[in-house]
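Participant: Spelled out from the first residue to the last, the chains are:
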Amino acid sequence: MAQDRNHSLAYVRTDMVQDEPAPINSKGPIAWVRQNLFATIPDTILSIAAILLLFYIIPPMFRFLITDAVWTGENREACIVPGAGACWAFVDAKFSQFMYGRYPVEERWRVDLTAILLIAGTVPLAIPSVPYKKWNTIFVLVIFPILAFILLTGRLGLESVETSLWGGLLVTLVVAIVGIVVSFPFGILLALGRRSKMPIIKMLSIIFIEFWRGVPLITVLFMSSVMLPFFLPDGVSFDKLLRALVGVTLFASAYMAEVIRGGLQAIPKGQYEAGDAMALTFWQSMRLIILPQALTLVIPGIVNTFIGLFKDTTLVLIIGIFDLLGIVQLNFTDANWASAKTPATGLIFAAFIYFIFCFGMSRYSMYMERRLDTGHKS
Amino acid sequence: MKTKIFTGMLASAALALSASTASAATLDDVKAKGFVQCGVSTGLSGFSAPNDAGEWSGIDVEYCRGVAAAVFGDPSKVKFTALTAKERFTALQSGEIDILSRNTTWTMSRDTQLGLNFAGVNYYDGQGFMVRKALGLNSALELSGASVCVQTGTTTELNLTDYFKANNMEYKPVVFEKLEEVNAAYAANRCDVYTTDASGLYSIRLTLDNPDEHTVLPEIISKEPLGPVVRQGDDQWFNIAKWTHIAMVNAEELGVTSENVDLEKDSENPNIKRLLGTEGNFGESIGLDAEWAYNIIKTVGNYGEVFDRTVGAGSPLKIERGRNALWTDGGLQYGPPIR
Chain Z
1 MAQDRNHSLA
11 YVRTDMVQDE
21 PAPINSKGPI
31 AWVRQNLFAT
41 IPDTILSIAA
51 ILLLFYIIPP
61 MFRFLITDAV
71 WTGENREACI
81 VPGAGACWAF
91 VDAKFSQFMY
101 GRYPVEERWR
111 VDLTAILLIA
121 GTVPLAIPSV
131 PYKKWNTIFV
141 LVIFPILAFI
151 LLTGRLGLES
161 VETSLWGGLL
171 VTLVVAIVGI
181 VVSFPFGILL
191 ALGRRSKMPI
201 IKMLSIIFIE
211 FWRGVPLITV
221 LFMSSVMLPF
231 FLPDGVSFDK
241 LLRALVGVTL
251 FASAYMAEVI
261 RGGLQAIPKG
271 QYEAGDAMAL
281 TFWQSMRLII
291 LPQALTLVIP
301 GIVNTFIGLF
311 KDTTLVLIIG
321 IFDLLGIVQL
331 NFTDANWASA
341 KTPATGLIFA
351 AFIYFIFCFG
361 MSRYSMYMER
371 RLDTGHKS
Chain U
1 MKTKIFTGML
11 ASAALALSAS
21 TASAATLDDV
31 KAKGFVQCGV
41 STGLSGFSAP
51 NDAGEWSGID
61 VEYCRGVAAA
71 VFGDPSKVKF
81 TALTAKERFT
91 ALQSGEIDIL
101 SRNTTWTMSR
111 DTQLGLNFAG
121 VNYYDGQGFM
131 VRKALGLNSA
141 LELSGASVCV
151 QTGTTTELNL
161 TDYFKANNME
171 YKPVVFEKLE
181 EVNAAYAANR
191 CDVYTTDASG
201 LYSIRLTLDN
211 PDEHTVLPEI
221 ISKEPLGPVV
231 RQGDDQWFNI
241 AKWTHIAMVN
251 AEELGVTSEN
261 VDLEKDSENP
271 NIKRLLGTEG
281 NFGESIGLDA
291 EWAYNIIKTV
301 GNYGEVFDRT
311 VGAGSPLKIE
321 RGRNALWTDG
331 GLQYGPPIR
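Protein chains in written order, with UniProt numbering: chain Z, 1 to 378; chain U, 1 to 339.
All clues stand as given, with none of them false.
Distance ranges between label pairs, derived from CB positions:
#1 U:Gly-153 <-> Z:Met-61: 31 to 39 Å
#2 Z:Trp-71 <-> U:Thr-155: 36 to 44 Å
#3 U:Asp-74 <-> Z:Leu-54: 57 to 65 Å
#4 Z:Glu-210 <-> U:Thr-155: 38 to 46 Å
#5 U:Gly-153 <-> Z:Trp-71: 39 to 47 Å
It is worth saying that the hints were derived from the structure and are not from the lab. Glycine included, every Cβ here is placed at the ideal spot set by N, Cα and C.
With the sequences and hints as input, model every part of the structure.
Facilitator: If you want it as structure tokens, here you go:
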């Protein structure tokens, strides 16, 4: 190879060939369409069918929700014009009811303040890079519930607002948040109890879990509202919302316990033995070794339970508490807004609100899963 | 209406358990707490439904405001509890509410077996028929051969069969399990006739695409007298509940309205004088002051005014007075005289 490099040979190239753009059918949107939608004959048939279906659904939906929709109006007259789409004027007129229920108008700032405190507390807690996690947690779990209780029910000189006036998204969030926050530690304790070697604790945990998993939530709520008043002495009556809260929480705890037990079950025995070998007490080894791993494993299951609970809260409407869906449905009976399109509009609105919350929980859980991934899974 | 039987059984069983938890002097309790606790339905057009401000409105609601006005002279001293059909009797029996004004049909079994008293009838409901105006029908007797949408497993279905059999008419039933399905079927023109309680027909009519193209036929084929209910064993409170309604009916008959009540106070008509407490003191006999009826009429209105603005011509429902007209107009609303 000692030949002169400059020696030119006709068949040796001296310069690099310019990069050609990739063939049109292996890169770019056309290739993507070919590979993903029309790769084989069955694919092609399904794709065409799906596209036709979308053409069939989307334009009428768009017309109903946007172009033909009635956006403003004083009463049903606006929405009964021929060819009218969704009656958003109804949602507009009832919006504050959907949010606060019948909470007195002049006291609604208390609900707003509670919501602001909640957001101010939880958003920094949810973002991992924000410091002072310990104080933040104390605020959210100890100080906030006390403040929220004082503000919402009206203590310390604030005008008392009884819970029968609460409604709408306020009730949905109160039931869901209390259910989620209380059922989580209860669930952990019950799961540990069920795996305990102490026979009585184990038995009580099993009885509790199996009982609450064995009865439908509707039955629990119904019993609490119809039968309970008869067993109480005259004049003593539990707050209806409180009854529902207790029922929902106990119910969710049982489900949560089983999800967490699944995580505990998946931790290899060696991890428990490692804790013992380091002379950690039971609670230390749980706190430092077992639970962090077990809970990370079952994030999808936990969030599943949370989302299920969030949507189940709407069952409180069978005992005459008007949560978001309940108050939307209640307003269908207002003759001033009765029209053919009112129910559909109200339900679409309610579905949209539920979706925002459930989708939010789902996305955040996926983010946490990725963040806490230790690389042990495959 | 299987649920009704079940509710009845549950309620009577529960009643046996609790032996009469109700304290006797409801009026004293109500005065002590400062408001009337009234049970209403969880949403029924024209009877108890929320308005734009979120306040309850409707004929059942107005009645409770009337009771509050009679007791306190202030119709706002009432709190409402929304009750489902299953909860309503237990709530009353257990003392959670003072009065139940929730489109409840007065039947003998409810009146006698549940420890309750019906205080009157503030709305005479009953099963009716709705048809498209285009059919050009004027009477239910012209319905022979029609297809009828009806909810299955209800007394409505039985009444329908009986009515057509008794009148030697044929019909084709189109039955559904759920009310929503019946609504959708009628809206989609799958049947000629929709039958359910007349008040229901009027509110369903509002949810149809063109409400004006439908009409409710005049025939009513069943008896559903709806009225307020109180606990048995407290005659004073029972009287207040009863006479609140009667005062409103009598006021209409005497032409006393919320507008002219102050002028009528100077009336020479002895009936009006006794009603408004300018002669005699009839309020005293039910534990209230002499102005009890004046306060009802002044703040809530007479029966005709309340009917008109909640379900009648002044409301979107536009229900005809029909059987709820005064007896002087050929209806059934008849108030015993105050004397």
